[in-house]
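Trainee: Put together the whole structure using the sequences plus the hints.
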Amino acid sequence: MKIDVMMRDIRVIPLDKIKLDQENVRFGNDVAQNQREAIKLMLSAPEDAKKLLRLAEHIAEHGLDPTELQLVTPDDDGNFIVLEGNRRLTALKLLQRPDLCPSDRGYKGFLKAHNSLANGVPESLQCSVVATRVDGDMWIELKHTGENRGVGRVGWDSDIRDERRARTTGIESIGRQVRNLITENQHIFSSKAELDVFEVDVTTLTRIFSSSLGQSTFRLKVENKLLVPQLPLEHIAPSLEFLLDMFVSHGYNVNDVRKHENQVITLGHIPPEILPHKLAEAAKAKPAPSPRPTPEATKPEVIPATGTTDQGTSDVNSPPPEITPSAPSGGNNPVIPPNVGVPTEGKGTEQENGSKVVDANTPPAQPGVPQAPQLPAGGSSTQGGNAKPVPEPQQEPGIRAKPQVRARKYLTPFSLKITNSRINSIYNELRTVLRVDECPNATAITFRVFMETTCDEYIQLQKDAGTPIKRWDTNQELRGGGNGDKLVLKVQSVVKHLEAEKRMPAPAAKAIFKRASSYDQPGSVDHFNLFVHGTHSIPLPSELKDIAEEYRPMLEAIWR
0 MKIDVMMRDI RVIPLDKIKL DQENVRFGND VAQNQREAIK LMLSAPEDAK
50 KLLRLAEHIA EHGLDPTELQ LVTPDDDGNF IVLEGNRRLT ALKLLQRPDL
100 CPSDRGYKGF LKAHNSLANG VPESLQCSVV ATRVDGDMWI ELKHTGENRG
150 VGRVGWDSDI RDERRARTTG IESIGRQVRN LITENQHIFS SKAELDVFEV
200 DVTTLTRIFS SSLGQSTFRL KVENKLLVPQ LPLEHIAPSL EFLLDMFVSH
250 GYNVNDVRKH ENQVITLGHI PPEILPHKLA EAAKAKPAPS PRPTPEATKP
300 EVIPATGTTD QGTSDVNSPP PEITPSAPSG GNNPVIPPNV GVPTEGKGTE
350 QENGSKVVDA NTPPAQPGVP QAPQLPAGGS STQGGNAKPV PEPQQEPGIR
400 AKPQVRARKY LTPFSLKITN SRINSIYNEL RTVLRVDECP NATAITFRVF
450 METTCDEYIQ LQKDAGTPIK RWDTNQELRG GGNGDKLVLK VQSVVKHLEA
500 EKRMPAPAAK AIFKRASSYD QPGSVDHFNL FVHGTHSIPL PSELKDIAEE
550 YRPMLEAIWR
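Here the sequence shown stands for residues 0 to 559, numbered as in numbering that gives the first Met the number 0.
Treat the hints loosely; a few may be bogus.
As the list claims (entries may be wrong) - Label pairs and their in silico Cβ distance ranges:
1) 555 - 532: 23 to 33 Å
2) 280 - 53: 42 to 52 Å
3) 29 - 6: 34 to 44 Å
As the list claims (entries may be wrong) - When the alpha-carbon atoms are kept at most 30 Å apart in a straight line, the in silico DSSO-like pairs for lysine-lysine are as follows:
4) 495 - 416
5) 258 - 277
6) 501 - 462
7) 485 - 513
8) 509 - 462
9) 107 - 16
10) 49 - 258
11) 285 - 258
12) 416 - 469
13) 18 - 50
14) 142 - 49
15) 142 - 39
16) 277 - 224
17) 142 - 224
To be clear, the hints were calculated from the coordinates, so they are not data collected in a lab. Since the structure is predicted, the reported quantities are computational estimates derived from the model, not experimental observations. Using N, Cα and C, we set each Cβ at its ideal position, and we do this for glycine too.
Mentor: Right under this line is the structure:
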């Protein structure tokens with residue numbers, strides 16, 4: 000490549016000889032007849048006039064941008080037409096002569112900026128010169144049309160912008176502090192949370208945790224631009240991990256937390272029982288035990304006179320055994336912090352009426368330690384190494400942020416491979432368009448259509464394959480379509496067929512079979528019909544999400 004092609008033609012040109020482009024694309028179909036009219040067209044929209052005033056004020060305070068030069072081309076009169084940088088030139092012209100600005104387009108503002116100039120407007124500017132308009136077109140196009148596969152300007156994403164601010168101000172954003180809170184406390188937060196927090200835009204995290212609602216919900220207060228936990232992190236982790244999973248797994252985004260009313264709805268999906276203040280209250284409600292409690296539930300014999308215990312070979316004075324967190328079978332509990340409840344000083348769990356509650360004072364559950372005040376006769380024994388905790392079996396302790404189904408934004412976030420184009424369109428609307436909480440009626444009706452068209456398609460596919468599905472009650476061929484059998488028979492017969500083909504587990508098939516025929520119960524076909532024909536029955540978003548989850552095994556078995 001020749002060296003002259005690589006060199007720019009940069010000249011110092013008197014400001015009076017630099018002219019606005021009277022054919023500027025910003026004017027639309029208009030063409031200015033002179034320079035004064037070109038200025039008026041630049042100011043024609045009130046919002047554009049406000050932006051130009053802010054640009055002029057910035058130039059008056061900080062000077063011209065050293066990274067940008069006006070791109071100009073010579074005309075026949077010895078002047079230079081600005082091809083790129085017309086807004087900057089307009090701001091300079093108005094700083095030089097505020098009287099060129101109409102009174103209703105910010106005249107007083109331009110006059111004030113003019114008076115604030117210590118040395119006035121420069122008499123000349125450095126400009127980059129091209130021979131013709133055509134020579135400048137490519138560069139203007141690249142500048143104003145995005146990245147262009149890397150050839151144009153590649154903008155900063157939220158993380159890069161946040162890093163830049165942190166370097167220049169010395170203070171990390173609230174969103175970055177949330178990330179650090181999780182990554183620096185891996186003994187409390189799960190490994191999934193450590194990954195999830197980097198999947199959510201840092202600006203979105205800042206928006207949530209800078210708000211008064213976010214701070215009160217998660218008990219993370221901003222003091223002097225620093226994020227300060229108001230409760231132990233063991234109480235904060237479950238709800239924080241639940242929120243991250245909503246964004247990563249259930250389609251939530253910045254629009255769901257942009258305004259206060261959006262945040263009220265979104266944060267309202269977090270189960271109340273795992274909110275930090277609830278967990279703290281539960282912990283305070285429990286009496287503080289001795290540092291090394293005696294596992295009375297495992298005593299084979301208690302001597303009333305002395306209170307001593309025959310413990311066999313068990314050593315209750317030794318420190319509690321280290322419990323290694325393990326993932327639940329199936330891996331379907333993504334927001335369970337695996338280290339919440341790990342046996343450390345001042346943490347533990349208790350089982351009450353089937354609900355797990357974090358206890359911030361009691362030691363962790365261990366084989367042989369009673370987990371409830373009422374013990375059945377005979378208790379449990381540690382003799383021979385057969386530890387039998389009462390009443391909960393040995394398992395990983397901690398708060399499990401379930402159920403997550405009701406936190407969904409869309410009804411069917413699970414992945415299906417649907418071959419029929421129309422049914423696939425219905426599925427995509429349920430998955431990405433219809434927000435359950437905002438339009439439950441449309442979602443309910445669409446889901447019923449999705450269920451029936453899915454059954455009809457599967458019936459037809461099996462018939463075409465030479466293995467027609469039989470009705471479960473009469474053993475006659477099942478009829479699909481609008482003139483076929485009722486939906487309840489279609490659902491029941493299809494799940495029976497899927498179970499027989501070992502494409503669906505028997506428990507799930509039996510549950511759907513029973514649910515479909517349960518008269519007027521949520522999830523029954525009669526309930527589906529009310530979505531379409533009922534004039535008084537209003538679908539509840541929470542019920543719809545539960546129903547979709549119940550029928551999920553059948554849908555996945557059909558559309559694998």
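Trainee: Hint by hint, say whether it matches the structure.
Mentor: Do the hints match the structure? See the list:
1. Here the CB-CB span from residue 555 to residue 532 is close to 28 Å, well matched to the stated 23 to 33 Å.
2. At about 50 Å, the beta-carbon gap between residue 280 and residue 53 stays in the expected band of 42 to 52 Å.
3. Here the CB-CB span from residue 29 to residue 6 is close to 36 Å, well matched to the stated 34 to 44 Å.
4. The straight-line distance between the Cα atoms of residue 495 and residue 416 is roughly 22 Å, inside the 30 Å bound, and the hint therefore holds.
5. For the given pair, residue 258 sits about 25 Å from residue 277 by alpha-carbon distance, which is consistent with the 30 Å threshold.
6. A C-alpha spacing of about 18 Å is found between residue 501 and residue 462, which places the hinted pair at or below 30 Å, so the restraint holds.
7. Simply put, residue 485 and residue 513 have alpha-carbon atoms about 16 Å apart, close enough for the 30 Å limit, and the pair holds.
8. This hinted pair checks out: residue 509 and residue 462 have alpha carbons roughly 24 Å apart, not beyond 30 Å.
9. Taken as a hint, the residue 107 and residue 16 pair is honoured in the structure, with Cα atoms around 26 Å apart against an allowance of 30 Å.
10. Of the pairs offered as hints, the one joining residue 49 and residue 258 holds, with about 25 Å between alpha carbons and a cut-off of 30 Å not exceeded.
11. Proximity of residue 285 to residue 258 is assessed by CA-CA distance (about 38 Å); at most 30 Å being required, the pair is judged violated.
12. Distance restraint check for residue 416 and residue 469: the Cα-Cα separation of roughly 25 Å lies within the 30 Å cut-off, and the hinted pair is therefore satisfied.
13. For a cut-off of 30 Å, the pair hint linking residue 18 to residue 50 stands: about 20 Å separates their Cα positions.
14. Distance hint between residue 142 and residue 49 is fulfilled; the C-alpha atoms sit about 23 Å from each other, no more than 30 Å.
15. As the CA atoms of residue 142 and residue 39 are separated by approximately 25 Å, the hinted pair is consistent with the 30 Å bound.
16. About 26 Å separates the Cα atoms of residue 277 and residue 224, which keeps this hinted pair within 30 Å; it holds.
17. With a CA separation close to 36 Å, the supplied pair residue 142 and residue 224 exceeds the 30 Å bound.
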